[in-house]
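Chemist: Protein chains in written order, with the numbering used here: chain D, 1 to 283; chain E, 1 to 280.
Since the hints were derived computationally from the structure, they do not count as laboratory data. Predicted model only: the values in this text are computed from it and were never measured. There could be a bad hint or two in this list.
[Unchecked claim] Simulated restraints, written as ranges between beta carbons of each label pair: (1) R19/D x N39/E: 33 to 41 Å; (2) R13/E x A129/D: 49 to 57 Å; (3) N39/E x S279/D: 26 to 34 Å; (4) G96/D x R114/E: 43 to 51 Å; (5) T41/D x A109/E: 37 to 45 Å.
[What the hints assert, rightly or not] Which residues of chain D face chain E? A few of them, derived with a C-beta cut under 8 Å, are: (6) A3; (7) I6; (8) Y10; (9) K58; (10) R95; (11) G96; (12) Q99; (13) L191; (14) D213; (15) D282; (16) L283.
[Unchecked claim] Partial selection, computed: residues in chain D whose CB lies under 8 Å from chain E: (17) E14; (18) R17; (19) V102; (20) V103; (21) R104; (22) P105; (23) L196.
Glycine included, C-beta positions come from ideal geometry on N, C-alpha and C.
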Amino acid sequence: MRAVPIIAVYALQEALRRRIFHVVLLMTAVFLVLYWLGANTAFDEVARAENGLPVDKKELTGGTLFGLSMFGTLFLGAVLAAFLTLGVVRGDAERGLLQPLVVRPVGRGALLAGRFLGAAAVCAPYVLAVYTACALITRAAGGWWPDQFVIPGAQLAAGVLMIAALGLLGSVFLSATANGIAIFMVFGAGLVAGLLGQIGEALDSETLQTVADRTSWALPFEALYQDALYRITAESRGFTGLAIQLGPFGGAQAGGAHLPLWAVAYFGITLAVTLAAFSRKDL
Amino acid sequence: MVPALLVEDAAKRYGRVQALDGVSLEVQPGELVGLLGPNGAGKSTLVKIACGLIRASRGRAEICGAPAGSPRARAALGYLAELFRFPGWYSADEVLRLHQRLAGSAGGADERGRLLELVGLAKARAVRVDAMSKGMQQRLGIAQALVGSPPVLLLDEPTSALDPAGRRTVRALLEELREREIGVLLNSHLLSEIELVCDRVVILSRGRVVAAGRPEDLSQPRGVEIETDEGLRLFPKALRDQAPGLVEQLVREGRQIYGVRVLATSLEEEYLEAVGGDTA
Numbered sequence: 001m002r003a004v005p006i007i008a009v010y011a012l013q014e015a016l017r018r019r020i021f022h023v024v025l026l027m028t029a030v031f032l033v034l035y036w037l038g039a040n041t042a043f044d045e046v047a048r049a050e051n052g053l054p055v056d057k058k059e060l061t062g063g064t065l066f067g068l069s070m071f072g073t074l075f076l077g078a079v080l081a082a083f084l085t086l087g088v089v090r091g092d093a094e095r096g097l098l099q100p101l102v103v104r105p106v107g108r109g110a111l112l113a114g115r116f117l118g119a120a121a122v123c124a125p126y127v128l129a130v131y132t133a134c135a136l137i138t139r140a141a142g143g144w145w146p147d148q149f150v151i152p153g154a155q156l157a158a159g160v161l162m163i164a165a166l167g168l169l170g171s172v173f174l175s176a177t178a179n180g181i182a183i184f185m186v187f188g189a190g191l192v193a194g195l196l197g198q199i200g201e202a203l204d205s206e207t208l209q210t211v212a213d214r215t216s217w218a219l220p221f222e223a224l225y226q227d228a229l230y231r232i233t234a235e236s237r238g239f240t241g242l243a244i245q246l247g248p249f250g251g252a253q254a255g256g257a258h259l260p261l262w263a264v265a266y267f268g269i270t271l272a273v274t275l276a277a278f279s280r281k282d283l
Numbered sequence: 001m002v003p004a005l006l007v008e009d010a011a012k013r014y015g016r017v018q019a020l021d022g023v024s025l026e027v028q029p030g031e032l033v034g035l036l037g038p039n040g041a042g043k044s045t046l047v048k049i050a051c052g053l054i055r056a057s058r059g060r061a062e063i064c065g066a067p068a069g070s071p072r073a074r075a076a077l078g079y080l081a082e083l084f085r086f087p088g089w090y091s092a093d094e095v096l097r098l099h100q101r102l103a104g105s106a107g108g109a110d111e112r113g114r115l116l117e118l119v120g121l122a123k124a125r126a127v128r129v130d131a132m133s134k135g136m137q138q139r140l141g142i143a144q145a146l147v148g149s150p151p152v153l154l155l156d157e158p159t160s161a162l163d164p165a166g167r168r169t170v171r172a173l174l175e176e177l178r179e180r181e182i183g184v185l186l187n188s189h190l191l192s193e194i195e196l197v198c199d200r201v202v203i204l205s206r207g208r209v210v211a212a213g214r215p216e217d218l219s220q221p222r223g224v225e226i227e228t229d230e231g232l233r234l235f236p237k238a239l240r241d242q243a244p245g246l247v248e249q250l251v252r253e254g255r256q257i258y259g260v261r262v263l264a265t266s267l268e269e270e271y272l273e274a275v276g277g278d279t280a
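Put together the whole structure using the sequences plus the hints.
Modeler: Laid out in structure tokens, this is it:
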């Protein structure tokens, strides 16, 4: 395990020096500027509008906008996680980067752990920073602050780390390009399942809700995201709460008490399967 | 004495392809063994089994008595892969520092400087890998393999990207390694290079050892050629020991002798005969 921090620092240096990191930073800056513009405009226009509905306009606007920002944050975090892990095993082996490291007296487990920690050290702070920035922008624009702040942020970060773990697993079997495509397909499948769940809730369709539930268990990053959305407006009641919950960025599905346990177990299972597959892999 | 590298009955199958089929070889400390064979003969597979990068379907490999792939075996090993790359954003010095940490070498800056000097990259210490020529990267790869002074070196095509001067540097380095009692398995297509530096040669074809021995033992006598005042005289069946008698006889016959050459097949000829039509 002596090698874990060495590999983690190596992975961290690699992540920070890769062009994709700078692209993500640029995309993030653009996203935050657009979000700031959008949030200011939305709060202004909603404040002026008279719709006669019994809703707390600030609550509805803030909850929906911040939900949108969480989707953006999750997406950007997923892009970063995918690019940091998609080529860790097979991609690096095909490029000849992995072999000089693996023949050193470093266990393959230590190598994987180091690479995961390196990716996590970039992704988690990134997600938390963007999440916090969006919350501050929302408060500055409309005086709105989420009902719960810490847990949803941690859930978003955990969701992105889960995507990184899945990327690591895929990298054992797939080439970098194929793995990148697979990660985004899995990510997209999770989000579609979440939307299906919300539609199911609105239409009171048990089938759609069941599909969404099962997908959330299979891809817990989606369940974490949904639960985080739920928590930011957890105290909204009445028609306002209903409007937020049924909107595109409202959390229709609370995760339940077992979600944290399942998320931890899922992490463990994913990393254990990755290690088992990597240990048997010919390089 | 515990061999630096021991491979016994190693076999490897990839699906329907039998890449290696019962190969055995030994490299003793201080011995340079050349591994020859056409493309697809199983040379790189054998080297990778010894490194622990792939698992043999059958047989075993040991590095200094430890099973290949075990932490003890990897600690005793320096490896240069046929296809390798270092991160382009690292400098030569940073590459060596990373490998020092991974190998647990306490050599520090002194070792890094010495290794870069050894491979002719002393002035490229701060040069980033992506600014290096292929030859420079290969020399850096050799330096990387030597980090921590391992007692066994497995070099897979170490001179494929080097110019003649670079090859000479590597040959001198290999001679030095022999003096330091380091066991080296050298996988190369360059027969002349193998002939020049290796103590023994193992020729693989279709996953099997088809010839092995010292280069001079592998070559076959092809007669004695004597240059006289009447021109070249060839004695095709004569052996080396018979050369003085032949010279004496020619002198008795009144010929002037200007030169004598004992002829033998080259390693290249022996190699081509051993691998037959296997040129895949």
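Chemist: Now look at each hint and say whether the structure bears it out.
Modeler: Verification of the hints:
1. R19/D x N39/E: 33 to 41 Å: At 35 Å between Cβs, range holds.
2. R13/E x A129/D: 49 to 57 Å: 51 Å Cβ-Cβ, so the 49 to 57 Å window holds.
3. N39/E x S279/D: 26 to 34 Å: holds, 29 Å
4. G96/D x R114/E: 43 to 51 Å: violated, 25 Å
5. T41/D x A109/E: 37 to 45 Å: Violated: the Cβ-Cβ distance is about 58 Å, outside 37 to 45 Å.
6. A3: Holds - the Cβ of A3/D comes within 8 Å of chain E, reaching about 6 Å at its closest.
7. I6: holds, 5 Å
8. Y10: Holds. Min distance 6 Å.
9. K58: violated, 48 Å
10. R95: holds, 6 Å
11. G96: holds, 4 Å
12. Q99: holds, 5 Å
13. L191: violated, 33 Å
14. D213: violated, 41 Å
15. D282: holds, 4 Å
16. L283: holds, 4 Å
17. E14: holds, 6 Å
18. R17: holds, 4 Å
19. V102: Given a least distance of 6 Å, the restraint on V102/D holds.
20. V103: holds, 5 Å
21. R104: Since the shortest Cβ distance to chain E is 4 Å, the answer is holds.
22. P105: holds, 4 Å
23. L196: violated, 41 Å
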